[in-house]
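Starting from the structure of chain A, add chain B where the hints point.
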Amino acid sequence: MKRRPFDTRYLLSLAISVLAALILGALILLLAGFSPLKAYGAIIEGAFGNKRHIGDLLEYAMVLCLCGLACVLGAKVGIFNVGGEGQLILGAIFACQVGVWMKEQPGWLVLLCAALTAMAIGGLYAFIPGILKVKVKVNEVITTIMLNTVALSLCQYLAKGPWKNPNKNMVAATGQPSPEHWLTGLIPGSKLSTAIFTAAALTFLIWYILSKTSVGYEMKLTGQNPRFAFFSGIKTDRIILLSMILSGALCGLVGMFRVYGGEHIYKSSISNDYYFEGLMLAMIAAYQPLPVVGLSLFFAVLKIGADELQYIGIPSQIYQIIQTVVIFAMAAQNSILSMLQDRRKEKTAVKAPSRKGGGDVE
Amino acid sequence: MNDLLSRIFSPATLNETLRTATPVALAAIGGAMTEHAGIMNIGMDGMILMGAFFGAYGSFLMGSGWLGLLLAVAIGILVGLLFALFVVKLKADEFIIGCALNTFAIGLTGFLSDSVFGHKGGKGMAALPKIYIDLPNVLSFLGKGLQGLSILFYLTLLLVLALWLFVYRTPYGFYLRAAGEKPDTLRTAGIRPERMKWIASILCGITCAVAGVYLSLGDLEGNFAKNMSNSRGYVAFACVIFASANPAKAYLAALMFGFFGALGTCLQSYISPDLTAAIPYVITILMMVYVVVRSQNKKKSLRLRKEKAL
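Protein chains in written order, with my numbering: chain A, 81 to 442; chain B, 6 to 315.
Isolated chain B (complex conformation):
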C-alpha cells in the first residue's frame, strides 16, 4: 500500500499530469471565452486538430517550430472566424456547426497529411524547445516533476493568467460575460454582443491552435498523426462546464482530468485505466447537477424571502 501511495505521489505522476493537462487546459481556456459569450462550442476538437496539423506543416515548410506555431495561430484565427461567421453572423445552430467543424478538420487534415507527408504521417519536424531547470535540493520533488516540460506549458500558465484578468478585470471581459448572460442589456448599453462573440471565437481559435501545436511540436518531437487530437476537445468542453467558464478553474479542472489519467497508469495492475479515465466525466455530470440544483434552491429561497418581506 505504501509502495502504491509513493508511486501515486511521485514526480513522475506530477510530470504526466502536467504534460497531459496542458493541451486540454489550453483548449479549455479558449472554450471558456466562447462559453462566456453564450456559444456552446463543441468544435474545439477540430480546432485543436487543425492547429496540430498546421503547426507541424509550418515547421515542415520553414524548418522552425516557432514559425510552425505562428502558422498554426494564423490558421486558428481563420478557423475562429469561420466558426463565428456561421454561428454568429449566419445564426446556424452552434452544435451542428461544432460537430461539422470536427469532421471537417478530420477530413481536411487527413487529406492534407496524406498529400504532404504520405500515409505514414509526418515525422521529424523541428519541435519547440523543452525546458530543463535545476531547482535546489529542497524542491527536488517539484524539480523532477517539472523536468522536460515544453515551453508551451509555461506559456499556458501565462495565458491562463492573462485570460483570467481579461474576463474578470477588464471592461471588455465584462462585456464578454454580458454578451452571454444579458445580450439585450449589453445592446442597450451601446455595445453589440455579436462583436464580443466574434472576439471570443477568435480567442478560442487561437488557444485551440496552440493546444494543437503543443500536441504536434511541444510534447512530441515534431510529429503529426491523423486524428491526434483524440477527443481532447470534448475533455476541454467538460473542463469548461466543470469550471463554469472560469479560466483559472478550467486549468484546475484540466489538471484533475490529467491526474485521473496519470492515476490510471499507476493503478494499472489493480483497476483498468479505462475505468479510471471515466471518473472525471462522471464527476462533471454530478457537478452539473449540483450546480443546477444549488442555483434553483437559491432562487427558491430568494423568492421565499421576498414573499416574507412583503
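So here's chain A without its partners, still in its complex pose:
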C-alpha cells in the first residue's frame, strides 16, 4: 500500500473519480428510465433542504469519520483492523446496558461509565487479533472478519435473550437508558448530539498525534519499515498492539455515541456495516486524517440525500453504486496514473529517435 502525501495530484484524481462515478450513476439512471438531473437534484435537496437532514448528515459523517480514523490508527502501523464492526456493536450494546443498569445514577457518571465500558470492550475485542498478530503472526484481516461475525451473533443473543427489551413487540433490542442520560440533541428531531464535539476533539487529537508528535513518527516508521523501526530501538510489537487496542476502543466509543446520541437503544440499526464504509473511505483517503474528514462528509451527503430519492420513485441504492465506483477508481488510481505516465514516456521515447533518426534516413 502506497502512502503518498496529500497533494494536488491526489485531489485531481479524487475529483476525476467522483466525476466518473457521477457520470456512470447518471448513465445507469438513464438506462433504468429515470432522469439523472432530477435524481441528483433530489439528493442535494434531501441532504441540505431541511434542518433535520443536515443534523442526520453530520451525525452520519461523524460516525464514518471516526470509523475511518480507527482504521487509520491501525493502518499507520501496518495492522489492518477489519473488526471495527464487531467492536462497534459490542461497545454499543455494553454501553447501552450500562445505562440500563445505572438508571438511578447521575447523568455524568452514567455517560462516563458507558464511554469507558464501550472503549474497554472495543479495545479488548481488538486485543485478541492484535496479540495473535504480534505473538503468533496470524493474519489479522482474517481473524477480525471472523470475530465480526462472532460479535454479531453474541449481540443477537444478548439482545434476544438476557438483555432483551421488556417490551415484547421489540425483537432483538435491549432496554433503553433513561432519557435524562441521553446526550443533548443539537437539532430537534435529528440524530445530531453533543457527541460531535467530542468527535471533533478526537479527530484533532488523532491528527495531532499522527503528524506532530514523536509517537506518531514512531508509528509511521513501524508501519513503513518494521525491521528498520525495530533495529532503531522502537518497540514495534508494543506499538502495533497499542494501536490496535486504541483503534478498537475508538470503534467501541462510536458504538456508545450511536446509542446515547442517535438511537437511544441497542438494535440492529446501530450499525449497518458503517465500519466497512469508514474503512473504504480511510483507504481512499490514503490513511490521512484530513481527507478522511472531507470524504466522510461527501459520503454522508450521498447517503442522507439518497433517502429523498424514494419519494420521487427512484431506488435509493444508486448512492451505493456511485460511492463504490469512487472507491474502485481511487483504489486503482496509482496504477492508472503510472500507466498513463508510461504511455506518455513511450510516446516521447518513440518520437525522440524518429526525430533524431530523420537525418539518417537515406
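For the record, the hints were derived by calculation from the structure and aren't laboratory data.
Label-pair restraints from in silico Cβ distances:
1) B/Leu166 to A/Thr428: 51 to 57 Å
2) B/Lys94 to A/Asp87: 23 to 29 Å
3) A/Ala280 to B/Ser300: 45 to 51 Å
4) A/Val216 to B/Gly68: 53 to 59 Å
5) B/Tyr295 to A/Tyr297: 36 to 42 Å
6) B/Lys313 to A/Tyr297: 41 to 47 Å
7) B/Leu166 to A/Val251: 41 to 47 Å
8) A/Lys183 to B/Tyr295: 43 to 49 Å
From the three backbone atoms N, C-alpha and C, an ideal C-beta is built for every residue, glycine too.
Showing chain B alone in chain A's frame:
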C-alpha cells in the same frame, strides 16, 4: 436426552445441513481458486448476490431456470473479470476491491430489483428442478436426507471433484498454486502468474454465480430478496481458510458450518441458535492459530536438524 440425540441425528438435520451447505460450498470452492492464486477474496458475498439477482432476472425474462443460470454464469464471468481487472491488472488492494464489490453488488442488485420487480422483490420465477429419489429401505435414512434437494446440489459435488482434480492433478492447477506461492519461480518457468490469477478470478466468479442461483432458483421457488446472500460470502471465506484452499476440504468445512446451523435449530430450546452459529467461526480462528504454530514449529525443527547435520 435420547430424544435430543435422535433429533440431532435425523434425516431432517442431514437435509438441512446439505441444503444450507451447498451455496457456501459453491462459493468456497471458487474462493479456494483465488486463494491458491494468492488473492485474498473478500468479494465473494457480492459475487453471490449478483448471481442470485441475475439468475432470477434471467428466469424472469426468459421463463426458464436453466436460462437464468446461464445468464447468471455469464454475469459471474464478467464480475470475475472486473475483479481481476482491478486486483491483477491495476494492482489495487484486493481487500478494498472485495469490500467495494460487496457494497456495489448490494447497490446494483437493490437498484435493479426495485426497478424491475418493485419494492416487494421478485417472486414466482421458474425455478430449477428438485430431485426426489427412491432409495431402497436399507438406505432410508440417506434417502430421506437427500429428498427434495436442488439439482444444483449434485452439480456442486461434480464441481468439487472437478476443481479438486484441476488443482491437484493437472499442470494448470500446479501453475495456479505456484502463482500464489512462488510467482517469481513460475515466471522464470515461462508462465505468467497474472494469467493464472485471471483464470482463478473467473472460476471464482462462475462458482459464486452458481451459488447465487442456488439461493434464488435452487433452494427457493424462484425468489429474489434484497441482500439475500446474507454474508454467506464471509462464511465461504472462513471455509477457504479452514480448508487451506483445498476444494474437497472446503466442501467438508461448508458441511461443518451447515451442521452447526442445523444443530442450532435442534437445540433451540436449550441454547440460543445465535450462539451455536458462532461456534464454527471460533473453531476457524483456533484452526488458523494451530496451522500457523505448527508450520512455525516445523520450520524450527527443520532448522535445528540442519544445524545438527552441520
